[in-house]
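**Student:** One letter stands for each residue in the lines below.
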Amino acid sequence: MIFSRKKVELMVAYTVLIVASLVFVFPVLSIVLDSFKPSRDIGSWESMWLFQPTFENYRSIFFDRQFLNFLKNSLIVSLSSTFLVLLVAVPAAYGFSRFKFKGRRDLLFWILSQKMLPPIAIIIPFFIIMRTVRLLDTYLALIVAYVALNLPFAVWILYGFFLAIPVEIDQAAEVDGASPLQILAKIILPLSVGGIITVATLCIIFSWNEFLFALILTGLETRTAPVVTTALVAPWGMGWGDGLACASVTIAPVILFAAILGKRFQKGLTFGAIK
Amino acid sequence: MLRKRGVVLSLVLPAVALLAAIGTFPLVFSFNLSFRTWMLTRPDVIPFVGLNNYSYLLRSTGDFWVPLTNTLYFTFGAVSLELILGFLLALALSKELKGKTIFRTCFIVPMAVTPAIVGLIWKFMLHDFGMVNYVFGRIGLGAQNWLGEISKAMLVVIMIDVWQWTPLVILVLSAGLESLPKEPLEAAEIDGASKLQVLRYITIPLLKPLILVALLIRAMEAMKIFDMLWVLTFGGSGTETLSIHIYRIGFRFLDMGMASALSYLLLVITVIMAIFFTRVLIKTAFVSE
Numbered sequence: 001m002i003f004s005r006k007k008v009e010l011m012v013a014y015t016v017l018i019v020a021s022l023v024f025v026f027p028v029l030s031i032v033l034d035s036f037k038p039s040r041d042i043g044s045w046e047s048m049w050l051f052q053p054t055f056e057n058y059r060s061i062f063f064d065r066q067f068l069n070f071l072k073n074s075l076i077v078s079l080s081s082t083f084l085v086l087l088v089a090v091p092a093a094y095g096f097s098r099f100k101f102k103g104r105r106d107l108l109f110w111i112l113s114q115k116m117l118p119p120i121a122i123i124i125p126f127f128i129i130m131r132t133v134r135l136l137d138t139y140l141a142l143i144v145a146y147v148a149l150n151l152p153f154a155v156w157i158l159y160g161f162f163l164a165i166p167v168e169i170d171q172a173a174e175v176d177g178a179s180p181l182q183i184l185a186k187i188i189l190p191l192s193v194g195g196i197i198t199v200a201t202l203c204i205i206f207s208w209n210e211f212l213f214a215l216i217l218t219g220l221e222t223r224t225a226p227v228v229t230t231a232l233v234a235p236w237g238m239g240w241g242d243g244l245a246c247a248s249v250t251i252a253p254v255i256l257f258a259a260i261l262g263k264r265f266q267k268g269l270t271f272g273a274i275k
Numbered sequence: 001m002l003r004k005r006g007v008v009l010s011l012v013l014p015a016v017a018l019l020a021a022i023g024t025f026p027l028v029f030s031f032n033l034s035f036r037t038w039m040l041t042r043p044d045v046i047p048f049v050g051l052n053n054y055s056y057l058l059r060s061t062g063d064f065w066v067p068l069t070n071t072l073y074f075t076f077g078a079v080s081l082e083l084i085l086g087f088l089l090a091l092a093l094s095k096e097l098k099g100k101t102i103f104r105t106c107f108i109v110p111m112a113v114t115p116a117i118v119g120l121i122w123k124f125m126l127h128d129f130g131m132v133n134y135v136f137g138r139i140g141l142g143a144q145n146w147l148g149e150i151s152k153a154m155l156v157v158i159m160i161d162v163w164q165w166t167p168l169v170i171l172v173l174s175a176g177l178e179s180l181p182k183e184p185l186e187a188a189e190i191d192g193a194s195k196l197q198v199l200r201y202i203t204i205p206l207l208k209p210l211i212l213v214a215l216l217i218r219a220m221e222a223m224k225i226f227d228m229l230w231v232l233t234f235g236g237s238g239t240e241t242l243s244i245h246i247y248r249i250g251f252r253f254l255d256m257g258m259a260s261a262l263s264y265l266l267l268v269i270t271v272i273m274a275i276f277f278t279r280v281l282i283k284t285a286f287v288s289e
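Those protein sequences? They're chains A and B, same order as listed.
Here the working numbering is used: the first residue of the first sequence is 1, the next is one more, and so on.
Here the working numbering is used: the first residue of the second sequence is 1, the next is one more, and so on.
A few of these clues could be false.
Subject to a maximum C-alpha distance of 25 Å in a straight line, what follows is the list of computed DSS-like cross-link-like pairs (lysine-lysine) [unchecked claim]:
(1) A:Lys-115 x B:Lys-98
(2) B:Lys-208 x A:Lys-115
(3) B:Lys-283 x A:Lys-263
(4) A:Lys-263 x B:Lys-98
Bear in mind the hints are in silico, worked out from the structure with no lab data behind them.
Bear in mind that the values here come from a model prediction, so they are computed numbers and not experimental data.
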């Protein structure tokens, strides 16, 4: 059989893509699979593929280690900070997109530059300030931190979204006598629900996944899921079974939402740099 | 006019004020702190030491130049691999295939996983009895100590970053490839250009802005790397980057002043890189218009 040039090309492309997909997905599947292995079988080559599935690890993390508590902490911090971010970012992005005022470009650039901050650069002052005002190991400390980290991103993306909505719509409403706030609330918002939901989901995901600030600013009361999960497999940790189960539970919602968002997730990660 | 001013201010001010308070203020605080010595063990003693922290760091191989080299090595290695592999996979994805959505969904998976947990996943896979050594044992190469040996650890870390973030490059470039105008490509093929020539002289130049955007995003993120590395090696075996070293100085050695100084150096380096790449980006964008 003679394969046409095009067919060969396609076959190569398929092979490459399939191999890549397997490489990207396999490690994640692997730990989810292994989280159902009894502790003694994890890490032993005889039971690599054949083992007796068990919920032992999950029982352990939820009943012995109160993992639900840490999940709750992650959720509280993620949702609160995202709510605050949206509360402030939506009006700001709207203002930037509609009014050309002096210093607009500079302000926008300043906001964008906040994104470039290595988190480690502000973690030191954050820690010291929180320690001084006795806010360590509180939800508020982390919420403030996550607002600082996510606000520039949210403003920038929402700015892009609002720019795409034609000004004529605002002008039509203004002619009808609506105030800017009314225009924002009754007309622009319903039009940009999709964008706002995307930004919200991304902020929640970023906060949920955050590690460094959570590591430093939380204590026994407010520890979040990622910190607990990784602590379990530190040299002083207590075992892979629990660790894998925690990991699976922690990443499951994110993967789910990322898959649901699909293209929007991809766009968000590239910071809307691509139109 | 006055009414408009008020409206704009009330819309934008909350965000700006909030950001100034919780974003810029800590930076200023940190700047001040970088000129002092503040040991957490003696919180009441905060002597002003001028440029001592900075001059010490700039002359210290162990506390600055080595972590800097590690960070740059990591950034350069990881980002170049991500760009190359990402481009190749984006090319593959641009062919007329079925099941593109499935591939894209698979590609999203590594990016969605918490970076710290990516560290955990690979720590598990690279374990003495983990999957990787299992495969190596099967193909006869024997188990290795991936994360413990200096010769291997950094390379392994780079590969893990490539695993997690190549999909980002793939998705960025694939969006670009899809939006390329078809005419120049078809015209070139009719004129007898080979696939490779089309690629080199038309596709890549047209994609340059996007490639630079991907480069910028990944390079900035790679410079900041912490979560994944911390979980994998705690900065041992020659993988200590600037972020990890700052953490060590501040939270293990407890010298907050020195840690602040080092984080400012990191900030300066990152900003210089960003300005450099953005300049190149703007120049390219104008040239290709």
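**Student:** Holds or violated: Lys-283 (chain B) and Lys-263 (chain A), Cα atoms, limit 25 Å.
**Tutor:** Violated. Lys-283 (chain B) to Lys-263 (chain A) sits at ~29 Å, over the 25 Å cutoff.
**Student:** Under the criterion that the straight-line Cα-Cα distance not exceed 25 Å, is the pair Lys-115 (chain A), Lys-98 (chain B) satisfied?
**Tutor:** 38 Å, violated
**Student:** Lys-263 (chain A) and Lys-98 (chain B): Cα distance at most 25 Å?
**Tutor:** At roughly 17 Å apart (the allowed maximum being 25 Å), Lys-98 (chain B) and Lys-263 (chain A) satisfy the hint.
**Student:** Please work out if Lys-208 (chain B) and Lys-115 (chain A) have their alpha carbons no farther apart than 25 Å.
**Tutor:** 23 Å, holds
Violated hints, listed in ascending order, are 1 and 3; each of the other numbered hints is respected by the structure.
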